[in-house]
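Here are the chains, one letter per residue:
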Amino acid sequence: MEGPCRVLRAVLYLFSMNTAYSHYYDASSLFHGSLLNIMGTRLDAVFIETDKALCELVWQRVVAELSRLDKMFNRFDIESEIYSVNLRAATESVIASDELMSVLISCKRYHNLSLGLFDVTLSDFNAVHLDVEHQTISFSAKNVSIDFGACAKGYALEKVKQLLVEAEIKDALIDFGNSSVLALGHHPFGDCWKISIENPFRPGEIVDEIELRDEALSTSGNMPTHLKHIVNPGTHQFIEDEKIVSVVTQNSFDAEVLSTALMIANPEEQGKILAHFDHVLFREYIL
Amino acid sequence: MSTDKNTKQVDLELRQFIKNLGYIAGGTALLITVPWLQSFTTDKLSEIKNEKARVAILGTGSRGQYHILNLLRIPHAEIVALCDNYPPNLKAASDLCPKAKTYTDYRKMLESKDIDGVIICTPLNWHAPMVLDSLAAGKHTFCEKSMALTMDECKAIYEAYLHTDRVLYFGMQRLFDEKYIKGLSMIHSGLIGDIVGIRCHWFRNNDWRRPVPSPELERKINWRLYWESSGGLTTELATHQLEVSNWAMKRIPESVVGMGDIVFWKDGREVYDSISLTYHYRNGVKTTYESLISNKFNGLGEQVLGHKGTMELEKGQYFFEDVAPAPGILQLINNVEKRVFSTVPIAGPSWVPETASKQKPHYVIEGMVHTTSGGSMVGAENDGSDNLISAFCQSVITGEKAKDIVEECYSSTMLCLLGNQAMKEQRKVDFPDEYKIPHLKF
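These protein sequence lines are chains A and B, in that order.
For the first sequence, the working numbering begins at 1 and goes up steadily by one.
For the second sequence, the working numbering begins at 1001 and goes up steadily by one.
One thing to keep in mind: the hints can contain errors.
[Claimed, not checked] Keeping only pairs whose Cα atoms sit at most 25 Å apart, straight-line, the calculated SDA-like set for lysine to any residue is:
hint: 1; chain 1: A; residue 1: Lys52; chain 2: B; residue 2: Leu1191
hint: 2; chain 1: B; residue 1: Lys1099; chain 2: B; residue 2: Asp1114
hint: 3; chain 1: B; residue 1: Lys1338; chain 2: A; residue 2: Ser196
hint: 4; chain 1: B; residue 1: Lys1338; chain 2: A; residue 2: Leu54
hint: 5; chain 1: B; residue 1: Lys1360; chain 2: A; residue 2: Glu205
hint: 6; chain 1: B; residue 1: Lys1338; chain 2: A; residue 2: Asp26
hint: 7; chain 1: A; residue 1: Lys161; chain 2: B; residue 2: Leu1330
hint: 8; chain 1: A; residue 1: Lys52; chain 2: B; residue 2: Asp1114
hint: 9; chain 1: B; residue 1: Lys1091; chain 2: B; residue 2: Pro1123
Hints in this document: simulated from the structure, not taken from any laboratory.
Kindly produce the complete structure, drawing on both the sequences and the hints.
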């Protein structure tokens, strides 16, 4: 059986490989990088920068960092830390890395600030115990599992932002699967980046235009092909409304968490959640 | 034909065409990569707005008449003379432009002082004598492709070109075709990576014959079918595509192998109706060339294969090997390249891989749908021929030579003739040293 297994593993490896593409447009000093198969979606990066070599170097760092995070957050990858935590934390205290611990502490804070509507367990975050002193994680209930699907892209975009800021790339647009956009600086021929939001139920119809400058935009919503992918952790009901919500903040992680929580929240809850955050532009579109 | 509207049109098309090029990333920078266009900026066109090039058409068959129709719409052109030794074609041309004086002997026509430029659209075996006579008579000269029937004739034309103060053009219309210019500039910017191969083909399904009113006219009318007057599929079709191949590679192949046969049209013709050639560049890249005229399924095309993607120049589209950029991002890039600030239509619920089509084409020119099946024996519309002839007329007025056109035609014609030699002698043929000219890089 070893032969077929090895072949299967090789095939799986090929499918999981990130395919990266990049091109530098000299005349426009525009660098474009594309990364497919990353966190279940794709990422496109545009840097406006005259130093071509710097763009390529930063892009390599971005690809490496995203691949690292993809591996860390992928609960289906048997080699990932979160896979191990999900497998063992109900029966023992699992020692976690600094980074996983800090991400989960942030998630706990967001859980509280969002009235419990943002929940990486999708059911009962209170069953997740974070022992900061011993840096361990344990679950006090069976069938608890952590899924970073609703926030990993936001966290990753903050990491990408750090890489760009360190390299002093000032004008950049990062599109992470359309739902998460990070805009640094401005378009070369404008004073900001203008992004439009398309109605997923009526392709071509623009529901809004949003101007970003050193800000992140996160959009949550349903699509005709994916109506059941956002769940209310309290009621376990899918949110099936034909609507999308978008959130603009200075921090991608905040934006990502808020767009999910506000998609689930009723108007009263939305007001309460927003009161916990500063400088948030929130919009809801009933389609 | 409403003349006023149409008159303006070709002129405007050339202006708009140059203007469009200006909008492409760093217009000036791009113009440097297409030296033959540098004389045709809007400013230079306005300098000649009240002048007219007085041109003669030598050879008024189908291609000559095609040029006449374009010339009638060009404000800075005036057709003053027509010449053909086949009366029905001369009459047809004369009906199109009745004011033009008609000739049956081109040498007589060349004596006329009223002609500034001559446009030659005759069978291939007549190209060399007519081009040389026309230049010797002091006429600015445009000749259809290919350059000539033999390598020695090509060399003689090239030598004459080096020593003349007259303008000389050849009918390499892809040099004036926006989708080729932009597509090749994208290739040279590295969009599809390193060029690793080129595939060219031209397929038709017809016998390539013209009706012959009486048998003694067979070789005159169906000159394309006989070696004494034609190089067959190479000089008639491949010449354009080999020129594009060299344009992409920025060099010339050093050798060629190939096979040619008459597979289907066994009607007494001499030239092959099926050819398959492989041109070898020094860096190992090969251009394969296939043409046959008894199956049209594949039409015509030039595929430039890069390690990151594929450019289909004739279709004006390209594909990426692995990752297709998101359409919204591609739109952003196009607009930045055009220096336009616009909204980027990307935001929405998550993009999921199953909605992606891996081999989706991207277009060289936005909204461009103009392609040709390659079926016409005369010429396709909007293929650059009108811009080319308009540019020639401008050069006739200004006397300014266009760069590189003669060299491009020389090298692609040489490759056609070497391809024919390889097929006839069934061996690998190297580009002979004695026919190498300084412009060519191998």
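The hints, checked one at a time:
1. A/Lys52 x B/Leu1191: 15 Å, holds
2. B/Lys1099 x B/Asp1114: 13 Å, holds
3. B/Lys1338 x A/Ser196: 20 Å, holds
4. B/Lys1338 x A/Leu54: 24 Å, holds
5. B/Lys1360 x A/Glu205: Distance ~22 Å between B/Lys1360 and A/Glu205 Cα, so the pair holds.
6. B/Lys1338 x A/Asp26: It holds: about 13 Å lies between the C-alpha atoms, which stays within 25 Å.
7. A/Lys161 x B/Leu1330: Answer holds: A/Lys161 to B/Leu1330 is near 22 Å, not above 25 Å.
8. A/Lys52 x B/Asp1114: Judged against 25 Å, a Cα distance of about 57 Å means the pair is violated.
9. B/Lys1091 x B/Pro1123: Judged against 25 Å, a Cα distance of about 18 Å means the pair holds.
Violated hint: 8 only; the structure is consistent with all others.
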